[in-house]
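Undergrad: Here the protein sequences line up with chains A and B, keeping their order.
For the record, in the first sequence the residue sitting at position 77 is 77 according to my numbering, with numbers rising by one throughout.
For the record, in the second sequence the residue sitting at position 217 is 217 according to my numbering, with numbers rising by one throughout.
Don't read these hints as lab results, they were simulated from the structure.
Please read these numbers as outputs of a predicted model, since none were measured by experiment.
Mixed in with the good hints, there may be bad ones.
[As the list claims (entries may be wrong)] In silico DSBU-like links for lysine-lysine, alpha-carbon gap of 35 Å or less: (1) B:K37 <-> A:K236; (2) A:K224 <-> B:K260; (3) A:K236 <-> A:K145; (4) B:K278 <-> A:K230; (5) B:K260 <-> A:K230; (6) A:K76 <-> A:K193; (7) A:K231 <-> B:K278; (8) B:K37 <-> B:K93; (9) A:K288 <-> B:K278; (10) B:K37 <-> A:K292; (11) A:K230 <-> B:K37.
This is what each chain is made of:
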Amino acid sequence: MRLTTEQIVQSLKSADGKYAPLMINSLEQQVSMRDGCQVDAIMDCSIQNGPSFKAVVEIKTVATPQNILMGAQLLKAYVAGDKQVDQIPLLVAPYIGTKQAKILADNGISWLDLSGNMSIRVSNRIYIERTGKPNRFPDTAPIKKIFQGTSSLVSRVLLLKPKGFSSLYEMVNFINARNAKITLSTVSKVVKKLDEELLINRDNSLVSVADPEKLLERLAQGYKNSTERKKRNTYKFVIEGIEQLSDGMTVLCKDYLACGFYAAQIKGLAVTDQKMIFVKDIEQFRRKAEKKLVSVTPDVEFGNFVITETNDPGVWFNADYQITVSVVDDIELYLEMTVDTPRGPKIAEQLKRRILQKGNSDGQQAN
Amino acid sequence: MDNRLIEQLADLAESFDRIGLKPVICGGLGIYFCFHKAEGQAREMIQATTDIDLMLTEMQVLDQAKRRAIADTITDGLGYVVREGCEYYQFTKEPDRELDILSPPVEGLEVDNFRVKIVRSKLHGHITPEACFIEDGLRTVSLREFLPDSEESGGLEVQVPSPTNLLLLKLFAFNDRDEGQRLDPERTQAHAWDVYVTIMLTDREDYLEGQDFLLRHKDSEIIRIARSIVSRKFNTIEKTGWRRVLESSDFYSDHNRWDKEAMLDEARRRLIRWFDIKPGRQ
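Given these sequences and hints, build the entire structure.
TA: Set out below in structure tokens:
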């Protein structure tokens, strides 16, 4: 349920003790300040049986970190040079989460949400902090899973090329040149969302990652929660002579990708006797293998290969294709290792350092 | 694994090395060494052990001079003393070091009261008929990586039974304690646990090696009995073998029963496949 500014104003006007001990005595909308700028509202407030104060109010219907930061900066500008000790800048939104509350605290802005949370400081006279009440106005607009599936490719390329992209077209081309398929519309939506989350720097000529480590963490969170990953099935097969699948000395092997600890071993990060591969379609993989006289036989108990069937674009994107064994790229392997306890997280740490260090201007990760 | 136990083993290996032998280690320590490179989750489940089960193989004790050399090494060289009441097949040494001697039946050596008399009044072995193929597929393990700080451990080696032999030993040990006068639920639980860990740590190469082993000895009574134990006691997860594992509070304590049964079923399928038990055969 997304509220309008007017609905928020009405809710404040009819609060009727809802924010006790804070009382909203009156609210005047669209008030012009002395310097000519217009604020959303001025509220006359007081503490029950206590002192009163005025609040210069900025209302945000959607409290993304970016909106909150902008609102905080506006409020700071409104009250700059204001010597009135009983007047405070106050941001109001349907719900203000922890991250947003921190942004406001860092900027010295008081806040109040319609879910019943608030942090209000009036010089040294009044301090109210009430947090922990759940969001009564969850946004019902579909949440874009920007760190999963095709959408995740945008964050991945921003990590691959931390210097940034001069246009969204460049980003689309960069992704599509690396064994993936993404549209300008998807890139545009994801970039907008990343911008709102303050994860990227964006100006007219450049889109680049703001904090690579944070972005990688968000990707890992998305990977952990991915329903596609959770519903993947793995099968054990006996495969003898898988290297015969290679087409010779020049053609890259694109039938399967080494993953998990097998990929970590190929990348020199682990030692393992487990062989795990991704294929897009097991039956097609078997047919192709059998044509080359490579037998692929199901063996649940003692198979020497664990095969996972997936079309997840993140898996196949930017893979390190080789003539013999091709492997997933460092970012995909990092994500796999973060959830492969107990040994995986240690390898993930090594990969993390590598990813954050090796993203370079042409974006090709050294796998 | 307790470092003191590994040091005790290194002393044993060093002394055996002087008489041209490698000690063959069974029990929990044998499982630990056999699968020291395995990666399965069950690796963390290998039970800690406090004693060394030393199997004296037929080849090691056929020759009288070798038998005496082994006895002298254990008692005089290493200073083990016989445990009272378990004369000549269980030894101790201060502080808290234990050594149990096992032996398959060896032609020409007297067997009396479950003991193979290797050197009369000095060294016996607890008779272990199921170890009759113990020399088949022995694996050699260097102690170097277990005692990285010890210079002496560099060239020292021990031997451990193949996975099939480990399974045979554990299946018979389980059966021995699961019925009759020697019934002991606590010991059966420990043996069933070892069966679970062993079968879960095997890989395809172990399996193929095991199939060759079983084919070579397909007419053996020992293999027939082992198959019968698997059929009667490990054929479904309702059977005592797997139930004993399930009863253990340490078995995947953070998982629910459904998950635990699924894990046991995986072990069950591997075990009945290993011993070629047909579905429904009891």
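Undergrad: For every hint, state whether the structure bears it out.
TA: For each hint, the structure was consulted:
{"no.": "1", "hint": "B:K37 <-> A:K236", "verdict": "20 Å, holds"}
{"no.": "2", "hint": "A:K224 <-> B:K260", "verdict": "23 Å, holds"}
{"no.": "3", "hint": "A:K236 <-> A:K145", "verdict": "31 Å, holds"}
{"no.": "4", "hint": "B:K278 <-> A:K230", "verdict": "34 Å, holds"}
{"no.": "5", "hint": "B:K260 <-> A:K230", "verdict": "20 Å, holds"}
{"no.": "6", "hint": "A:K76 <-> A:K193", "verdict": "25 Å, holds"}
{"no.": "7", "hint": "A:K231 <-> B:K278", "verdict": "32 Å, holds"}
{"no.": "8", "hint": "B:K37 <-> B:K93", "verdict": "30 Å, holds"}
{"no.": "9", "hint": "A:K288 <-> B:K278", "verdict": "33 Å, holds"}
{"no.": "10", "hint": "B:K37 <-> A:K292", "verdict": "33 Å, holds"}
{"no.": "11", "hint": "A:K230 <-> B:K37", "verdict": "29 Å, holds"}
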